[in-house]
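**Student:** If you want the building blocks of each chain, they are given just below.
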Amino acid sequence: MAPLLEIKDLHASVGDTPILKGIDLIINTGEIHAIMGPNGSGKSTMSYVLAGRDGYEVTGGDILMNGESLLEMEADERARAGMFLAFQYPVELPGVGGMSFLRAAVNARRIDAGEKEVDQLEFVKMVRAKAKHLNINDDMLKRAVNVGFSGGEKKRYEILQMALLEPALSVLDETDSGLDVDALKVVSEGVNLLRDPQRSMLVITHYQRLLNHIVPDYVHILAGGKIRRSGGKELALEVEESGYAGINDAA
Amino acid sequence: MPASMMQHSLDGVMGLTGVRAGAQRRWQKTGWPDHRAEQWRFTRLSGLQKVDLRFAESAAITAENQEFSAAMPDNAAFLSFSNGVFDQASLDNLPKGVKASLLDGDEATLLALSELVPQSHPISDLSLAAMTSGIHLEISGAVEIPIVLAFTGDDNSLSAHPVVSIKINDGASVVISEWHRSNVGLSAPLMAIEVGKKARLDYAKVQQDSAASTHLSATGLKLGDDSIFDGFQISVGGKLARLETHITLAGENADCTLSAIYLGRSSQHHDITTNMNHLKGHCLSNQVIRGVLDDKARGVFQGKVHVAPDAQKTDGQQMSRVLLLSRKAEADAKPELEIYADDVLCAHGATIGELDETQLFYLASRGIDGQTARGMLISAFLDDAIDSIKHDGLSAMLRPITTAWMTAVDLNSDGEL
Ligand SMILES: Nc1ncnc2c1ncn2[C@@H]1O[C@H](COP(=O)(O)OP(=O)(O)OP(=O)(O)O)[C@@H](O)[C@H]1O
Ligand SMILES: [Mg+2]
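In order, the protein sequences belong to chains A and B. Under the numbering used here, the first sequence has 150 at position 150, and the numbering climbs by one with no breaks. In the numbering used here, each number is its position in the second sequence, counted from 1, plus 1000.
Treat the hints with care, as some may be off.
[What the hints assert, rightly or not] EDC-like cross-link-like pairs, simulated, lysine to aspartate or glutamate; straight-line CA separation at most 20 Å:
1. Lys132/A <-> Asp182/A
2. Lys21/A <-> Asp9/A
3. Lys142/A <-> Asp1383/B
4. Lys1096/B <-> Asp1154/B
5. Lys8/A <-> Asp62/A
6. Lys1313/B <-> Asp1343/B
7. Lys1197/B <-> Asp1310/B
8. Lys1304/B <-> Asp1315/B
9. Lys142/A <-> Asp1387/B
10. Lys1197/B <-> Glu1252/B
11. Lys142/A <-> Asp1384/B
12. Lys116/A <-> Asp1369/B
[To be verified] Part of the chain A face toward chain B, derived, beta carbon under 7 Å:
13. Ala51
14. Arg53
15. Gly61
16. Met73
17. Asp76
18. Ala79
19. Leu85
20. Val91
21. Gly95
22. Arg103
23. Ala105
24. Arg109
25. Ala113
26. Ala245
27. Ile247
Hint data in this document are derived by calculation from the structure and do not stem from the laboratory. For every residue, glycine included, the Cβ atom is placed at its ideal position computed from N, Cα and C.
Given these sequences and hints, build the entire structure.
**Tutor:** Laid out in structure tokens, this is it:
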């Protein structure tokens, strides 16, 4: 069986600037991979390239999901095919009601899968139940998407969306940054609830701390647009102690 | 007069007397404004068809009209105009508190009307002189049923000049919607509305004329002490449309809202022109203008707020925002503040922008397709204006129009045609 995600010698540029310079990575179904790396090393760029953001141009290599290339697919098609990106900086949508946004997202996927659209009342119940686990109250659910949310609230709202969409592959870009200790626990528990032999995750973080809660199968170090080292969860501890100094760009 | 466009010499209109004869003389002297007229700099009439438009003489209620009526709120009282001619049978529909009469020969009402409508305005003169039908409505007490002035038409060799005068007596209240769905060469309604002391008017104008029509309207309003005018305009139809409204806040403590939305695509041209004239103190005026332009459409907003020396404690707000969905679309905004009082709170602003790429990507990353995503962001953008409408029935009537516009054809995604 093909791996869930296979990144092959991926090169990508933003504008004319090459940022990703040959990334190879295989994520099998059910695995959790963590990516660490210095600021500006290309982590968010990689997450956008995976999600299919316009302006992030793949100049070489390929990305396969379940054996099929994603490169010709638009961002919304990739999402409906099971890709989810929890943004490092979630986007505010003034005037777009939270509940109708969540419902549009869930329905988009359902319609694509040939399923019935969600029943409105049932949907409200489902959202409330999942929101409760993430300490998201009704007031937040009623507001416009991300508008007036604190940094930590925005991150929790990302995880709520992930819980509703049940993606096959979730890319979490620094979901832990800006969270206080308690919120970190809440978010990690939310993520762990979604841990499933059928689902995989790519967790981008600067802190080993998150990986205590969401224990990864593999850790990769991204620097200068390439994966410089890969290992088990102990690699995160090593980075925590000695920084990225030991990781040679030319390695 | 420039002879290049629709020939309305009015030579064929004979035997006018009084106010209408005066309007005819003024029209014959000035005619259509040309490009040198400052007020018509952004909306040029020289491109209009050169056909010789005729005036309709009697109302023909077509099948299309009935279909149209079916689309309207069913608890409303309809006053129907077809090709600019009033259908007198619709007088049977009037609710309690509304008295209607014909303007023909009512010199006193015509005179009052001519003083309320925009002055030195081609439509004020032309439509008064060429008036295809004129009615006067007098409103007393609280009218419970909304009144719909329904304008239809099915002959684009015709020029429609309906004239409506409305007097809302002191303390009265009414909901009026002016709904245009004509297919005529020129639709040129002239309206004069007087809102008495402590009276209230909730008002919505919908311009959905056919794609071949030109819509040029002139509306004049006068607001009395403690009156409330909650007005809204939406312009979606027509090839070229200019909705011009002049409001005089003639009493103290009047509360006036005049918001507007225009939605343009292909090579449509929409113009919203307003003139808010604060004569007395302690009045409030608020204008929320939103435009969305796709393809090669053009949009114009000209908004003048004038505050007279006596109009202390005026609060005049005006904000125009336009979304361009295509690189070939174009918008002009000309806000003007003229303030002669020293203790006032006035602000205006105008922005022109595009849909936010980051917001679109966020929606896409949740599986929402581009068309739906753009629709969600445009709706959110328009809601600012629709939310300014206080009457629930009117906002419920308007929302489907914006939704229909968004789902009618593909909204441009990349700005290319
Ligand atoms: N739109 C852009 N135009 C030009 N350069 C960009 C653009 N977006 C990102 N970059 C550059 O690409 C590089 C990688 O940025 P990226 O955001 O992927 O880093 P990161 O690893 O996520 O960093 P951080 O840990 O700070 O979040 C940086 O040098 C950044 O300046
Ligand atoms: Mg980043």
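**Student:** Which earlier hints turn out false for this structure, listed by number in ascending order?
**Tutor:** Hints 4, 15, 16, 22, 25, 26, 27 contradicted; others consistent.
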